[in-house]
Amino acid sequence: MTPAEVKPRLETVFRDIFEDPSLVIHDTTTADDIEAWDSLTHIDLIVEVERTFGIKLSTGEVRGLKNVGDFIALIARKAP
Amino acid sequence: MSFTSAAFLGFLGGVALLHALLPRVARAPLLLIASYAFYALYSGYYALLLLASTLVAFLAGRVRSAALAGVALLIAALVLFKALPILGVGALIPLGISYYTFKLSAYLIDRHWGAVESEGRLVPFLTFTAFFPQIVGGPIQRAPDFLPQLAAGSRVSPDLALKAVMRICLGFFKKFVVADNLAPIVNYVYAHLGAHPGAPVLLGFYGYPLQMYADFSGLTDIALGAGALVGIIGPENFAAPFAAPSPSEYWRRWHMSLTTWMVDYVFTPLRMALRRFGNAGLVASLFINMILIGLWHGFYLTFALFGVVHACYMTIDALTQKARKRLYKRHPSLDRLTDVLGPLITFHLIAVAFVFFRADSVATVGAFFAHLTAGLEPLAPAFHYIIDQPGSSIGVLGAALVLMEAGDWVRRRFWSVPLPGLPRWGRWSLVAATGLSILLTAALLMTSSSESNPFLYAIF
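Heads up: the sequence lines are chains Z and U, in that order.
Quick note: the first sequence uses the numbering used here, first residue -15, plus one each step.
Quick note: the second sequence uses the numbering used here, first residue 10, plus one each step.
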């Protein structure tokens, strides 16, 4: 999957998890930019990403993410 | 050598002066020698343990597959030393072992995950672990944050030096004027539960969280100020914790270097491992995480229960979060009400948990709450008996609490940003204010005994 294909689907996941239909994500978006994105909702986000894209993520991969751009690149690399 | 002693200030001043005078390449070795000298004054044997622990982490970090074995060794040593007092062995817990074990473990777990490169230079790594401003009571800095600053060896700017000195003075003020004035009141209340009805016990209930904050954030202010004077900016530990609108938010503002460590290396891996179990996995992760935070302070039932109480708060907070958010969306006036009520309720919940933290046994916790609700009788006799305890003055204390909050506000506003461009008179006013703070600190040093009231968080 290409990053361009991942981004709109990931944005939908973000909107569902953070219950904000107007939320827009960018490569540079971090947890600091989204009020509800904390250590609790982070795993909800991971679970939903795994379900949506049919992939499995490890703790090490999740730990290495610095921003949404990293997240998109990781999903693009793993998604069929 | 206590942080709140003239000897420490002399030592720090000497190291800071040498740091400014020596060439860049000599600054890391200077900090290493100073850090081990500081530690060896406390205990030569335990300095060897610090060295051995660091070497274990350094070598284990070279080979990624050995990183977790290194963590196991370090945690085993920590658990052993923490268990000695309850096994009846009268050995001292090595100074700062909880802090340096966590620093080294973070590096090794990140190595295991491939999140950091192996550190190949021994001198910076030894300095990272033993760094004297952080060895007594943290904060727990991460290697990728510390090592580049050490390698840069930057000269400390006059602005930063000024702010660092002010911050150290603020730490002294919090410790000597606020914490050490609250301590006799709190100690008296806990030592005489049952002798007085509810009202004085209430003083202990409100006094202890404030004492703990003044004491621990004062220690952190001195640590961060001292670090800045030798070119290292450490992580913050506090961000107005008692203004937190919820227990979860409180933990994002209290002892932040420990809680972010726990989130990264305990909570997130647990949540990931248990993510298939939905809310049950979330609750289990919260309980394990919070109980471990409690036990990090020592292997006592009261510390474990402190963790359980907080886990209950956070579970309720987490499980009702979405429903509350929807409710507030439908009723914005309720949202505004919680802006005021949230911090108030949260502070009281935190204060309840602190009773478990302060009490020496579960029976004491029971006695505390039994007497807290024994009736708010007229205050005068019992209250005066308590506030007339030597070493505490309620008037000074009230003013000091306000000054502490003002000092913290200024600190949060200006610490990590360059000082605004000031006219010459403004700059001189700042220098004069720093000079006055130094004089006040000197007066406090002369009138207060630092050895009889050690920092509460210097024993973990």
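Among the hints, erroneous ones may be present.
[Stated by the list, open to error] Simulated restraints, written as ranges between beta carbons of each label pair: (1) ILE354/U <-> ALA15/Z: 37 to 45 Å; (2) HIS10/Z <-> TYR51/U: 44 to 52 Å; (3) ASP344/U <-> THR(-4)/Z: 23 to 31 Å; (4) ALA(-12)/Z <-> TRP434/U: 40 to 48 Å; (5) ARG164/U <-> THR36/Z: 50 to 58 Å; (6) ASP369/U <-> GLU34/Z: 27 to 35 Å; (7) THR(-14)/Z <-> TYR51/U: 37 to 45 Å; (8) THR(-14)/Z <-> PRO153/U: 55 to 63 Å.
Just so you know, these hints were derived from the structure itself, not from any lab.
In this text, all values refer to a predicted model and were calculated from it rather than measured experimentally.
Quick reminder that beta carbons are idealized off the backbone N, C-alpha and C, glycines included.
Discussion item. Tell me the numbers of any earlier hints that the structure contravenes, in ascending order.
Written reply: 1, 4, 6, 7 and 8
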